[in-house]
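Chemist: Sequence:
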Amino acid sequence: MRLLPLLRTVLWAALLSSPLRGGSGLRHAVYWNSSNPRLLGGDAVVELDLNDYLDIFCPHYEGPGPPGGPETFALYMVDRPGYEACQAQGPGAFKRWECALPFAPFGPVRFSEKIQRFTPFSLGFEFLPGETYYYISVPPPESSGTCLRLQVSVCCKESSKWAGVWGATLLVRMGPSEGRRHGRIWEHQTLWGPSGAFCCGLFSPPLSLWELPLYPFMRGQGHAISRATAFRPQLNWDPGTGVKSPGPGQEGGR
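Just so we're aligned: the sequence shown equals residues -25 to -1, 1 to 229 in mature numbering (1 follows the signal peptide of the UniProt record, and there is no 0).
Calculated from the structure, these hints are not laboratory results. Hints may contain errors.
Stated by the list, open to error - Pair ranges (Cβ atoms, derived): (1) Ala75 to Gly99: 34 to 44 Å; (2) Pro42 to Gly65: 27 to 37 Å; (3) Pro42 to Arg92: 14 to 24 Å; (4) Pro42 to Pro66: 31 to 41 Å; (5) Pro95 to Pro42: 41 to 51 Å.
Cβ atoms here follow ideal geometry from the backbone N, Cα and C, with glycine treated the same way.
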């Protein structure tokens, strides 16, 4: 039936966006203006977990504002040398937001950065655990603002290789410092093995659960059930490499 693949796709989308993924993260607010001495000193560090949010509030004034004029600036992500020099230059520098509405009638402008591995948005940024990211603000000549700096530390650094499984394909990833080797994997759960080695497999609920709502459409459709079973092969964990591989008769699916 043509309806069966569509229903299966809708059900998978609901499962992958459900609270089983770990829930939403915490929100961390930073009021970005020159009255914050930590931002002025360059020693401000915010430690975040994956799925947390960094909320940056721009300067806001009710009334005429300070005698020297309101603070306005552009916020950049830069590399470590750009952070030390407080300069938005070099290949690692790019603009994230602009704080240009100090008298906004609805209150201070807020920008939110979600700390996530993967983003579906072209303007989003992808973070890696164990890495540090650098934000600076560069005021225009007419602004009374000054250079402000913030470090964002993402917990926690991975110490070994991990692998994800999607269908019968084994996609091996390295730690954050070793870069990526394959395409994206959307959701993982940690599976512990001997000697503390670990690998991460794609969350895959039991077939009896996610196929149950489709049972009326599957009766008499033995080929559909066999395809679903081949989609989630049995895996053998290799203690020598810390990687899971398809079991006997599972190579390439059935």
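Chemist: All the hints need checking, so say for each whether the structure fits it.
Modeler: Each hint, compared with the structure:
no.: 1; hint: Ala75 to Gly99: 34 to 44 Å; in the structure: violated (21 Å)
no.: 2; hint: Pro42 to Gly65: 27 to 37 Å; in the structure: holds (35 Å)
no.: 3; hint: Pro42 to Arg92: 14 to 24 Å; in the structure: violated (46 Å)
no.: 4; hint: Pro42 to Pro66: 31 to 41 Å; in the structure: holds (39 Å)
no.: 5; hint: Pro95 to Pro42: 41 to 51 Å; in the structure: holds (45 Å)
Comparing the model with each earlier hint shows violations of hints 1, 3; every other hint is respected.
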